[in-house]
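Colleague: With the sequences and hints as input, model every part of the structure.
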Amino acid sequence: MEFDLPFIWAGLIAFAVIAYVVLDGFDLGVGILFPFLKDDKERDLAMNSVAPVWDGNETWLVLGGGGLFAVFPLAYATILPALYAPIIAMLLGLIFRGVSFEFRARADDSQFLWDFGFFGGSLVAALAQGIALGALVQGIAVENRAYAGGWWDWLTPFSLLTGVALAVGYTLLGATWLVMKTEGALAHRARSFSWIAGIATFMLIGAVSLWTPFLNPAYLARWFAWPTAIFSVVVPALLLGCAVIFYIGLRDFRDRLPFLAALGTFLLCYAGIGISFYPYIVPPSVTIWQAAGPDESLSFLLVGAVILVPMILAYTGYAYWIFRGKVDPDEGYH
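Per my numbering, the sequence shown runs over residues 17 to 350.
Since the hints were made in silico from the structure, they are not lab data.
There is no bait here: all hints are sound.
Derived CB-CB ranges, DEER-like:
#1 Arg270 / Gly333: 20 to 26 Å
#2 Ala234 / Leu276: 28 to 34 Å
#3 Tyr286 / Pro97: 22 to 28 Å
#4 Gly200 / Asp124: 24 to 30 Å
#5 Ala157 / Arg340: 45 to 51 Å
#6 Leu254 / Tyr336: 22 to 28 Å
No residue lacks a Cβ here, since even glycine has one placed at the ideal position from N, Cα and C.
Modeller: Printed below as a string of structure tokens:
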């Protein structure tokens, strides 16, 4: 029995990317909300809600980037030069976010600087990820198996729109996470943020969705030609279902539902991107099979992935299980 190794690896990397987005997304969203929290006590509580899990969430980013480099070297060598600026900005933002997270807990007079670093790093990382996604969706120029575009091709009105959309979406994840994990005044404030971020997120999803099919004729054909046109009905219907669940959860104070609805919204948007992209890994010209390394390398690396991915899933699930429930406001981050 032969396996389609490039297809399997494309699925693994896609899984790693969406795992990073939904898990680290609420961390970044909490950081973006930092300046809007009332006082240091609320900021401490918000930080404590993500303290046990935030560092492990970034494992998936390493797995996705490392897997792209090892398994799809052509895609890595093409995407990286095209997106140098937003990728570097993202990494710098994540570094500032991580450093601020650790230093803030031990700072006294300079705590306000680390608060700003936590907010700024989170916002820059979110915007950079969204801009990079938008640049990838609109297409990367490739000639003779190399990037053929310019330095500023990544900076367009569409990529700026996707950057804002992802940052607002992360804010929604962060707000609904605080609704689920906290009580009292902070939870009430987070519920207000969730309403605002939720409405803005769904409006931006609509704007991006209406724009995307007209970026590339292949996208237009994929979404409006039979039989794939069925996705144009199913995906929006499921998004509407998520919006209803989100509304009911906030209205009825069912604290888990808004966060689950926000996660479902992200998963559906990601599925929509996958539907538009397939079978390209570097749209509009490089497929997953063209970008893949030799089957021998893919087979060797797959053995490691089969061992490591379940381990990562196990310890991630265990961490979330151990730290389930509401955050105790009397406990601190150490």
